[in-house]
Amino acid sequence: MKNGPFALIFHWLFVAFLASPLVMVVLVSLTANNYLSLPTNGMSLRWYEAMLQNKQFIAAFKNSLWLGVASASFAVLLSIPAALAIARMHFPGRDTIATVLMSPLLVPHLVLGIAFLQFFALTSMRGSFVGLALAHTVVVMPYALRLLMSAYTGMDGSIEQAARSLGASAFTAFRRVTLPLALPGVVSGWLMAFIHSFDETTMTVFLASPSMTTLPVRIYLHIEETVDPMVAAVSSTLIFLALALMVVLDRGFGLDRLLSGEGAKGDTR
Numbered sequence: 662m663k664n665g666p667f668a669l670i671f672h673w674l675f676v677a678f679l680a681s682p683l684v685m686v687v688l689v690s691l692t693a694n695n696y697l698s699l700p701t702n703g704m705s706l707r708w709y710e711a712m713l714q715n716k717q718f719i720a721a722f723k724n725s726l727w728l729g730v731a732s733a734s735f736a737v738l739l740s741i742p743a744a745l746a747i748a749r750m751h752f753p754g755r756d757t758i759a760t761v762l763m764s765p766l767l768v769p770h771l772v773l774g775i776a777f778l779q780f781f782a783l784t785s786m787r788g789s790f791v792g793l794a795l796a797h798t799v800v801v802m803p804y805a806l807r808l809l810m811s812a813y814t815g816m817d818g819s820i821e822q823a824a825r826s827l828g829a830s831a832f833t834a835f836r837r838v839t840l841p842l843a844l845p846g847v848v849s850g851w852l853m854a855f856i857h858s859f860d861e862t863t864m865t866v867f868l869a870s871p872s873m874t875t876l877p878v879r880i881y882l883h884i885e886e887t888v889d890p891m892v893a894a895v896s897s898t899l900i901f902l903a904l905a906l907m908v909v910l911d912r913g914f915g916l917d918r919l920l921s922g923e924g925a926k927g928d929t930r
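Under my numbering, think of the first position of the sequence shown as 662, with each following residue one higher.
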């Protein structure tokens with residue numbers, strides 16, 4: 662290609678531009694000072710140790726982890742039949758249903774937070790795990806639904822028809838053929854839903870309670886009180902965990918297939 666070297670240079674410059682803030686956060690987390698700065702006076706892991714000894718951050722991390730698992734799982738379980746119906750069937754109101762299910766992407770999370778706050782105040786679920794899980798499920802479901810719809814749309818329907826012609830029931834064909842073919846879409850949808858649930862802050866600020874505070878909200882409250890490198894240590898830990906998760910998923914499924922929501926290829930026995 663004539664412009665190959667220039668395209669390659671632009672590509673690496675763009676990657677460096679995106680990665681530079683993350684690198685800076687990691688460098689700041691290694692400082693030995695009591696304030697945010699690069700580790701010019703020596704490197705230290707003192708803020709990682711302080712993070713591990715901070716019970717509030719540990720509890721908030723556990724809350725975010727279980728909340729992300731619950732909301733992502735609920736979102737995927739609801740999205741599997743919804744995506745299958747929207748992608749494979751034709752019925753009156755299909756487009757309207759799809760628009761309603763995707764509508765949380767269009768509503769500001771501030772508005773959703775106020776709406777859920779008023780609703781949960783009437784049902785006594787404000788600040789509870791169940792209330793937060795339901796709210797997060799509504800917010801993250803469009804991400805799972807979109808990837809599952811993509812997986813079902815690109816799926817070869819003749820394989821499922823062949824299973825039905827050989828005597829498999831509708832449920833057996835779905836369990837043994839359709840669902841395995843859509844597994845990359847299921848995994849990528851769950852992953853995207855989990856990430857957005859784990860990172861959700863704006864809406865969760867209205868719904869959290871002292872006993873049920875997520876990690877992003879805890880970081881926000883900590884910054885309001887003081888700004889020290891422990892925040893950078895927490896952020897760096899999340900960066901490392903995200904990188905580790907990406908490596909595992911790439912080795913297990915392939916990130917290109919997960920992010921595109923492509924169906925599995927090959928034998929489905």
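Some hints here could point you the wrong way.
[To be verified] Ranges between beta-carbon positions, derived for each pair:
| id | residue 1 | residue 2 | range |
| --- | --- | --- | --- |
| 1 | Thr833 | Arg912 | 39 to 45 Å |
| 2 | Val768 | Val888 | 29 to 35 Å |
| 3 | Gly818 | Leu738 | 42 to 48 Å |
| 4 | Arg912 | Ala693 | 31 to 37 Å |
| 5 | Gly818 | Lys723 | 22 to 28 Å |
| 6 | Phe832 | Ala677 | 49 to 55 Å |
| 7 | Thr833 | Val676 | 44 to 50 Å |
| 8 | Leu906 | Leu827 | 21 to 27 Å |
| 9 | Arg837 | Ala711 | 47 to 53 Å |
| 10 | Asp911 | Asp756 | 31 to 37 Å |
| 11 | Ser870 | Leu688 | 16 to 22 Å |
| 12 | Ile719 | Thr757 | 21 to 27 Å |
Just so you know, these hints were derived from the structure itself, not from any lab.
No experiment lies behind these values; they were computed from the predicted model shown.
Virtual Cβ for every residue (Gly too), placed ideally from N, Cα, C.
Quick rundown of the hints versus the structure:
no.	hint	verdict
1	Thr833 <-> Arg912: 39 to 45 Å	violated (31 Å)
2	Val768 <-> Val888: 29 to 35 Å	holds (32 Å)
3	Gly818 <-> Leu738: 42 to 48 Å	violated (23 Å)
4	Arg912 <-> Ala693: 31 to 37 Å	holds (36 Å)
5	Gly818 <-> Lys723: 22 to 28 Å	violated (43 Å)
6	Phe832 <-> Ala677: 49 to 55 Å	holds (51 Å)
7	Thr833 <-> Val676: 44 to 50 Å	holds (46 Å)
8	Leu906 <-> Leu827: 21 to 27 Å	violated (39 Å)
9	Arg837 <-> Ala711: 47 to 53 Å	holds (51 Å)
10	Asp911 <-> Asp756: 31 to 37 Å	holds (35 Å)
11	Ser870 <-> Leu688: 16 to 22 Å	violated (35 Å)
12	Ile719 <-> Thr757: 21 to 27 Å	violated (45 Å)
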